[in-house]
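J.: In case you want the letters, here they are:
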Amino acid sequence: MSEQPLVHATNLVKVYQDGSYVPVRALGGVDFRVEAGEFTAIAGPSGSGKTTLLNLIGSLDAPTEGRIEVAGQDLSLLTRKGRADFRLNNLGFIFQSHNLIPVLTAAENAEFSLLLQGVPTGERRRRVLSEFADLGIEEGLTRRRPAKLSGGQQQRVAIARALVSRPKLILADEPTASLDSKTGARLLDKMRDLNERTGITFLFSTHDPMVIDRARRLVVLRDGLIASDETRN
Amino acid sequence: MLRLVKLAWRDIWRNRRRTLLTTGAVFFAVVVISLANSVQFGTYDAMEQSVVRLTTSELQVQHPRFHEERTLEHSLQEKALDIDELRLAHPWIVAASRRLTGFGLVSSDSASAGALIMGVDPVHEPTVAGLLRLDSEETTLTANRPQSVLLGAVMARNLGVIPGDSVVVLTQGYHNVMGAEVYAVQGLVRTGTPQMDRATMVTTLTAAQDLFSMPGRYTELVLRTDRHTTAREHAMRLESTLATEEAAVLPWQVLMPDLDQMRRLDDASNAIFYVFLLLLIGFEIFNTTAMSMMERVREFGVMMAMGLKPSLISGLVAMELAMKVLLGIGAGIVVTAGVVAILAGEPIALSQDMRELYDDFGFVVDGLYFTSRPSIYALPVVAVSIMSLLSMGFPILKMRSFAPVKALRAA
Ligand SMILES: Nc1ncnc2c1ncn2[C@@H]1O[C@H](COP(=O)(O)OP(=O)(O)OP(=O)(O)O)[C@@H](O)[C@H]1O
Ligand SMILES: [Mg+2]
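Residue numbers (my numbering), protein chains in the order written: chain A, 27 to 259; chain B, 7 to 417.
None of these hints come from the bench; they were simulated from the model. Among these hints, one or two may not hold up.
As the list claims (entries may be wrong) - Dumping the calculated DSS-like pairs for lysine-lysine here, alpha-carbon to alpha-carbon at most 25 Å:
#1 107/A with 85/B
#2 404/B with 12/B
#3 216/A with 194/A
#4 107/A with 12/B
#5 216/A with 174/A
#6 12/B with 174/A
#7 315/B with 107/A
#8 107/A with 412/B
#9 404/B with 194/A
To be verified - From chain B, some residues computed to sit far from chain A (all C-beta separations above 12 Å):
#10 41
#11 47
#12 120
#13 179
#14 311
#15 337
Note that the Cβ used here is the ideal one computed from N, Cα and C, for glycine as well.
For reference, chain B alone in the conformation it holds in the complex (with noise of 0.2 Å):
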């Protein structure tokens, strides 16, 4: 057997040109691959994180019902859950806030506007969500300042107020009782995503619970963890340990479809170039193999003679088409390891026409990020150890109805 494996080496460099090609058409679509890999995977990663992390958090626990119905009904009870535990239990929560988030129209003296009013814990809020980091110091809500709101900036404009004016609302609340309370405009909301500038006010949580008459509940209990790829198995992990059935945990890809969907989209129009590439490379193994087969039928006719089970040759076969590929791949992924090495540390910054191209498909990108993780690998490895099993195929399929009268006679 280890005869059969240095004669199958040997046999690889005979042909040294067509081993290389072999060799380098894999090393080409490993590389290739996964550095495309490296830099979707890390880009869409760090996007999704930034998003994440501005809006959603990783996880919200909320009303079963509330994300599909969302309605003051559809609440919880402060006293139901205790944050000082579920943190004990599960020490991946990094931070928790809660927020009530229902809705209102919002008035000013020349215009209304219908709001997403939205009231956050103002000491917790800033460690789960970025929202209220944007914009300079004075725009943080402080509790002492009940009476104080901040606005979507693009609604401010459209009310034609500016920090210091006031604003009406109106609201109808919990169990329908209306609500209605003059506030302070105390500073501006900027997210970047113009929607949510146009139709958000941010108050207190206290200030919220008076304005939609409901002490002591609120919608949602925001969660940040330390890592927002797991955000699935993280929401059922704690959703299985929750004392209360009357409370469900949703990760950022339930919370916000659209991101998700855009990446799953994305990915499936790179797999189509996958497909054609890997495909090519495919040919070509399955080509090398037979035509090294092809010119080496003498050989292997003496080889029969003198007593060489046709297994055993195919097993050669497969053993050198094993070799090329195995060459291939490790120098693959050796040299994607060494540049993505280079590349993790730092985002390559985009430039302004590339941000603004991202900007119109809705993404949020500052830079491209490159991701080391092993899954980069995962598909051009996989794709193309199946084709070679593939095109092992054929030598043992050949060996099987192989003459070895005819071989010989071809000199």
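Same shape as in the complex, but just chain A (with noise of 0.2 Å):
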């Protein structure tokens, strides 16, 4: 363990409030540390708080009590743009699916936020490329747009482009979910084997027991309070 964990979230609250319904408290004060280069999975029952709990520490979305500091930044310092540009050079999302651009093709996709770094086109479709290629994408899937592709290679595709620009952080809700479990099983060994390689920190929501037995940690919720948080290995 670093002195300093690449996730501190400290008395977590999250109310939904939304116009008549009743509130709900999908997060009730989660303390939570995750380390740079863990490979970490979240379980636990649907509507127990794991996407909410991805979406606070990812900046899609503010707590309604609590602190959350993201690679040493305290997320409720920075404004809308500021969150953007944290999400831009710090953090990947992978979504359960529909994550790509419809009109962009697999590689101008995968491209898009080295794009927005201002990474030069020489290099950015070189690094597509051999994330491509490290993800096992062929060739020529690289010019076809998303709708001509398979849910897996949509999946890598989003993954490709969550590595890309190599961030600190990797949230991925459910990133299987919309995958059948053999497909499911290869990409989630890539992922591993990425973080084995690069260091890059993974962080998932799941229900899936095939990606629950490849995380080196499971942390599992329960009415948005963690019920258990385990290190295999």
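Dock the two chains into a complex; use the hints.
T.: Encoded structure:
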């Protein structure tokens, strides 16, 4: 364990209060740390607060109470623009499905963050192609649009996109849920392999026992609280 | 930025039908309004030009008070204003001629009628206005027959005289000196406007100066210019350079306020139709913009998660809108310009019925004229642009309160 955790959340509370509905306490005071280099799964029944926790860590939403630091940055101090820049430079996201921009080709999707970061064309191409090669995305697919890719291929492109800018942390909300178990397993092995080689930290939410098996640390949420937290290996 | 443009371009072709609908609506508005403007401006121009060149000509130099109060006391001295100098200084003056206009009583053996008596320079008058060229050759006044006059055709009929007969004219001239003279009717004037034909007598400038006892004086210096549409500007320019304070320069719009007003009225009634059409287009533009945003909420959520700033996303939507609208405007202008180029060559002749209809409204039109001047595009282009800019407010406002979490929930 290093001195400074990559994610440091203290007493996280998230209450959703949408209009006339009764307020929902999705997180009830969670303390949570993630060290750099972890490969961690967050499991738990539906509605237990997995997505909520990932969104808060990803600065996509603000907590009702508590404090989150990611990579040493207190997220509550950032403006909207500041959060966008923070995500661009520190985070990668992989969602369950519909990750890609429909009008861009696989390669164009993958290089999007690099483009926003101002990386020159040649280097963008090089990095995207090497990432594709790494993830087993064939040459022939690079110029296809998402609609012409299978679910597994789309998810691999999404992973390539999250990886290519070498973020400190990749947040993946049920990344295998839309895939068959074989494809899902292969994808997860790939991620774990990348985690070992590059040291990029992965944090996923999942229901999938296959994913849970492959995680090195498993955090289980129940009713917005951490029910168990175990590190294997 | 370049990639964002590319992205916007691909986005607009994602829903081809909707884009074609928006672009088509803009195209339609631009073509309809520009063509309507073209024929309206063109026909009015032609009509105004023909009326102007028939009667008042584009500009007149008068005594500053003559237009309000038409008395001979408000006349000018020939020596005070040198025509050649004037034309030298203002090359856009194509022709110039003096007139002396007063009132009198014209009598035949059997009847009398009040008349506007116009003394014109027989050599130069035909170069400034068409009044004297309307009828046959023999009606042309010549300086060597000073005692001859032309009578308005209706007046001649009312007085029961034909060319060759004579009439007696009584006037109250300059400084109230009475004038009386006998003239031979040389010919008839048919202007096409009954009011004029009923009460006009034309003679030479010198004959009129004699009749009104005001040798060397006149009431109007009529100027023909190269263009009637710029008369107001020309009038101002000329007046500022006139040597004498005792003269004003009036454009035809002031000399014939009815003609100018008719056009303004017509413009206003068209404007109502245009506003209606444009509002429809504006609604369509706003609607598609809003729709194209609503259905891409999830996508915008992903983009924001990736670190795209909200302002860039609204910029993207705005750019998409601008592309669609500019395509429509561009195509509209190209097509209109093509159609106008073909039609501008020769006017479309009006049927007899149509001509009579126009006649009832007091128009003198023999056909529909199309103009290709750029101002025909001004209204549709400006209006569509303004409405597009207003519609761009929607994505900008929307993105301001855009919550990526909610967007990502919308699968
Ligand atoms: N925007 C929202 N408004 C109201 N309630 C919400 C909102 N988002 C989540 N919730 C509620 O908060 C609780 C936690 O939701 P969350 O999505 O974090 O659960 P989850 O563990 O990701 O579930 P799943 O496994 O089904 O994805 C649930 O009860 C959910 O209904
Ligand atoms: Mg979830």
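J.: Hint by hint, note whether the structure agrees.
T.: Now the hints, each set against the structure:
1. 107/A with 85/B: 79 Å, violated
2. 404/B with 12/B: Satisfied, since the Cα-Cα distance of roughly 23 Å is no more than 25 Å.
3. 216/A with 194/A: 18 Å, holds
4. 107/A with 12/B: 23 Å, holds
5. 216/A with 174/A: 22 Å, holds
6. 12/B with 174/A: OK: residue 12/B and residue 174/A at ~20 Å, within 25 Å.
7. 315/B with 107/A: Holds: residue 315/B and residue 107/A sit about 6 Å apart, inside 25 Å.
8. 107/A with 412/B: With Cα atoms ~18 Å apart, residue 107/A and residue 412/B stay inside 25 Å; holds.
9. 404/B with 194/A: 31 Å, violated
10. 41: 36 Å, holds
11. 47: 43 Å, holds
12. 120: Given a closest Cβ separation of 80 Å, the condition holds.
13. 179: 86 Å, holds
14. 311: 4 Å, violated
15. 337: Fine: 23 Å to the nearest Cβ keeps residue 337/B off the interface.
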